[in-house]
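S.K.: My request is simple: use the sequences and hints to build the entire structure.
Adding 8 to a residue's 1-based position in the sequence shown gives its number in this note's numbering.
What the hints contain is simulated information worked out from the structure, not anything from laboratory work. Any given hint could be a false lead.
Pairs of lysine-lysine, DSBU-like flavour, derived with a Cα cap of 30 angstroms [stated by the list, open to error]:
#	residue 1	residue 2
1	20	48
2	68	48
3	39	20
4	68	39
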Amino acid sequence: MTARQPERPNGKIMTCAEFQEMLPDLFESGKNPSEEEHVKTCANCAALVRDLEYIASQAKLLLPIHDPAPAVWDNIQSALRREPDNGRP
9 MTARQPERPN GKIMTCAEFQ EMLPDLFESG KNPSEEEHVK TCANCAALVR
59 DLEYIASQAK LLLPIHDPAP AVWDNIQSAL RREPDNGRP
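M.R.: Encoded structure:
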């Protein structure tokens with residue numbers, strides 16, 4: 009027996025394609041895609057979410073994020089001040 013797919017508010021069953029179309033917005037919003045009803049009943053989409061979460065966590069490890077030294081920003085500001093205005097506002 010297969011699990012019944014959750015219905016959307018309009019009473020229609022959400023498809024994998026519809027869920028996958030929502031994924032970028034879910035990740036961007038900070039919501040946990042694993043908590044979406046469709047993922048709870050769809051093994052394929054659940055696996056996709058797990059894979060994407062793993063990739064995102066590993067990508068953060070590729071390059072350490074460091075704020076540049078204050079001197080970098082000072083040099084940029086100085087260089088901008090030295091540039092001719094050329095009619096810019």
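S.K.: It remains to establish, for every hint, whether it holds in the given structure.
M.R.: Verification of the supplied hints:
1. 20 - 48: 17 angstroms, holds
2. 68 - 48: This hinted pair holds, its Cα atoms lying about 27 angstroms apart.
3. 39 - 20: Holds - the C-alpha atoms of residue 20 and residue 39 are around 23 angstroms apart, at most 30 angstroms.
4. 68 - 39: 18 angstroms, holds
When each numbered hint is compared with the structure, no violation occurs for any of them.
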